[in-house]
Structures are given as structure tokens and as C-alpha cells.
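A.B. asks: Please model the complete structure; the sequences and the hints are all you need to start from.
Its first residue numbered 1, the sequence shown is counted upward by one per residue in this note's numbering.
If you're looking for bench data, these hints aren't it; they were derived computationally from the structure. A virtual CB, placed ideally from N, CA and C, is assigned to each residue, including glycine. If a hint is listed, it holds; no wrong ones were tucked in.
Across the chosen pairs, the derived CB separations fall in these ranges: (1) GLU443 <-> LYS398: 16 to 24 Å; (2) ASP280 <-> HIS451: 34 to 42 Å; (3) ARG2 <-> CYS74: 22 to 30 Å; (4) ILE448 <-> LYS84: 52 to 60 Å; (5) SER71 <-> GLN412: 37 to 45 Å; (6) ASP280 <-> GLU208: 19 to 27 Å.
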Amino acid sequence: MRNLTLLTDLYQFTMMNGYAETGLADTEAVFDLFFRAQPGLDFAVAAGLEQAVEYIENLHFDEDDVKYLGSLNCFGEKFFARLKNFAFTGDVFAMREGEMVFPHEPLLTVRAPLFQAQLVETALLNIVNHQTLIATKAMHMANETKGGIAEFGLRRAQGPDAGIYGARASIIGGCVSTSNVLAGKMFGVKISGTHAHSWVMSFPTELEAFRKYAELYPEQCLLLVDTYDTLNSGVPNAIKVFDELKAKGYKPLGIRLDSGDLAYLSKKARAMLDAAGHTDAKIFASGDIDENIIASLNAQGAKIDVWGIGTKLITASPRPALGGVYKMAAIRDKDGKWVPKMKFSDTHEKITNPGFKTTYRIYDSNGKAAADLIALADESFDTTKPLTIFHPVETWKKKTFSNYTLKRLPVQVFDKGRRVYELPDLGSIVKYAEKAKGEFWEEYKRLINPHVYKVDLSDGLYDLKKELMGGVSTK
1 MRNLTLLTDL
11 YQFTMMNGYA
21 ETGLADTEAV
31 FDLFFRAQPG
41 LDFAVAAGLE
51 QAVEYIENLH
61 FDEDDVKYLG
71 SLNCFGEKFF
81 ARLKNFAFTG
91 DVFAMREGEM
101 VFPHEPLLTV
111 RAPLFQAQLV
121 ETALLNIVNH
131 QTLIATKAMH
141 MANETKGGIA
151 EFGLRRAQGP
161 DAGIYGARAS
171 IIGGCVSTSN
181 VLAGKMFGVK
191 ISGTHAHSWV
201 MSFPTELEAF
211 RKYAELYPEQ
221 CLLLVDTYDT
231 LNSGVPNAIK
241 VFDELKAKGY
251 KPLGIRLDSG
261 DLAYLSKKAR
271 AMLDAAGHTD
281 AKIFASGDID
291 ENIIASLNAQ
301 GAKIDVWGIG
311 TKLITASPRP
321 ALGGVYKMAA
331 IRDKDGKWVP
341 KMKFSDTHEK
351 ITNPGFKTTY
361 RIYDSNGKAA
371 ADLIALADES
381 FDTTKPLTIF
391 HPVETWKKKT
401 FSNYTLKRLP
411 VQVFDKGRRV
421 YELPDLGSIV
431 KYAEKAKGEF
441 WEEYKRLINP
451 HVYKVDLSDG
461 LYDLKKELMG
471 GVSTK
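C.D. replies: Here's what the structure looks like:
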């Protein structure tokens, strides 16, 4: 396991040094990691917790780390004294991987001494931001396909780690396989792939290339048919080889289209395959595909069964980042009392929610998610009584629930530095993600103009926020 302790920004170390010099290093603080609302990012799929846990459990400063930091001539003796036998001793609460989450809801909360809580900020943001972004992109695509997606993005990923952990996140988001062999080995997921145009071009004829591939992989024969002429050469030659395979008792998988007008070509190819008796042969499509293209192709009646998606998925195009942030929410004073903290801004979206918090999901009588409630962690709710929630800005917008249930979404992952959460395997995470997605009405998940899901503040959190802002409650 790699030691990522130095995977941080310099200013984390300069602040840590400052905490050591000013006597604040052991002062406990609460930090929330969350993302802000953006156009087209109405929800996200939490991912990356497993790698975040591995990072925290492996935090330590090697001799070379200390030597390097010393060469910067930025830090004092008190700082370096704290690096010896360094270990994380705080608490961490987090959304489960695969959970549907919304802007301003803490994906992860750290409660730890400032010296430690400051160190972990950058790496946690790096891990959670990236995987959550890719998982969310994958779910958007999966929602449009109603079929299988194979993640094919490794060669276009922005580095090896982005390819490996992007593949993992894509599986959480709804992909059924990846082309990434290392990711398959590391995470135990299905790997898939066919052949490239270079295979076809390596033989004297396309038909010979197809026949040799079928000879080598008779039970996994999926042929790329657009090297020369899709409808006049590729599909007819594939049909010849499929006829030969069926005569030998094998079942061809299908064909792959990688270029051209995918709607037109897939419909024509489907008709040709069906007329030849290969009605069960699948049509795979690949190329620069995203959820918008998928939706358009479906509207045109494209006959595509499985989608191989690379660049637009592994880079989350056109969104370069989730926009997650890590903000202080509370700090202990000299008397040991928690003092809530919040960031102010002229931009409402950037004003943070103070205090040590949790998030509840409200389910209606149909068992469907109806709203989320961000609350102070010590607030309690009596589900035998009606619950009224209100919009945190447009407070006249209210809704009262009478027949409902509440679920506390975050789980405790670390307790005083000891991991208390058993990490599920990827297969279990995928099942949880499917269950979580199924709890929401389709109107919330549609690609165009999704219905706005309610995320409100509890009475206690709302009043605390108004108090800190110096205002008067108007609810």
C-alpha cells in the first residue's frame, strides 16, 4: 500500500506548523466534506470511501518524508516532534458508497485535532471528489441506456490512478464491466473487450481476420465491423463467420460499431442480422458517447444493446470536477465546549452550515425518498408525530409529513482513530447503489429538467445558522 501522507498542499503543512506553534494543534475541530450545487449536478453518487479509509489507516511519516519536509526550511521543532509516531486519532462519519447524495450534505465529516484534521483535507477531497464525479457520470449514462455499459476509458484517463479508480467508480455508478485488466484484478469486477481495427488490418482480408478471431475465441466472438465498410463488408462478413460458428455449435456474441451514424447503422445491421437468423446477436456501440448521445440515439430508435463508453465517462466530460469542498463547522473552546463555525459569503451558495451535523432521508408511505433533512447531530425526531420541513431560503415553501419514516444516512467509520466500519466488497456496494437509486422517483433522475429534490435544514440547524448570521428567524 502506498504511503500518501505527503499527498497534500503545502498550506496544510504551514497551517499545521502554525497550530503547533500557537498551541492549537490538539484543539478538536469538525470539518465537513460536501459539494455545492452546479447546473446539471442535481445529485451525486457517493464513492471513494474505501480508498479514503485506506489512506487514513496508512497515515505516517517515513524518515524520507521528514527529511524532505526539513529541507523546505518552513517548519519548527514543535511541528517535527509531532511527526514522530503520527497516527490519526479522530472520528470520521461518511455516506456509504453508492448512496444518492445532494448539494451541501456532508459526504464525509472529520472530527479530530486540528493538526490531523487539516492534514487529511487535500487527499480526502482528491479521492472522494474524483470517484464521486465518475460514479455520478456513470449513473447518468446508465439511467439512459436501460441496458449494459462497458467502461472503456483507460487509454483516455488522465493518468493511471484516474483510470484504475475511475473504473471502480464507474461500476458503482452502473457499468457492468471494464476493459481495465488491473482494475478487474484489484476489485474483482468483470472485464470485457473485443479487438481493434489493427487486428482486421493485420490480415489480407477482413473475412480472414474475422475467421481467425472466431477460431481463437469461439465462445466470445464479438466482431468490430467498421474497419472498411460497415454495411457492405463488415456486417456481411460477420454474418458469414457467425453462420460458420453456429454450424459448429457455438453462439456468436455479436458485432461492434465504433463510428458513423450509429442510429442508421445499428438499425440496418439489426435487420441484416435478423434476416440471417442471428436474432440473438447483440449490437455493441462505442466511440465518443455520453448520456446526451445515448438519449438522442434511443429517440431515433437505434438498435444498440450494449454501450462501450470511454472518454466521456472516464473524464466525466464536460464537467472537469465535482467541486467538493472541506469546511470547518465547529471547534472546541478552552472550556471544552463546541463552538459552531460557518463561512460567510455574498454568494448564498457559499455560505456553509455550522455545527456537528448529520443527514436524514425522509421516506413517504410508498417507501420512496421524499426529502432529505440536514440536522444537528444531537437533534431527535419523533416519527409518531407530523414533521414539517421548509425551504432553507424560500421559507414559505413548506411540506408536512404524517405517515413517514426516517433513515440516518451517514455511518461512523472511525472512532478515536480505530476503524469501526466494515468495508463492503464492490459487489455489495453495487447492490446498495441500485437499491438507493430505486428509492427515488424517476422524475428526480431524468436527464432534462429533473424535478428538484427537497434538501432542507432542521429547525435547530436553521435557527443556529440564523443566529450566527445575526438575523432573526422568519420561518
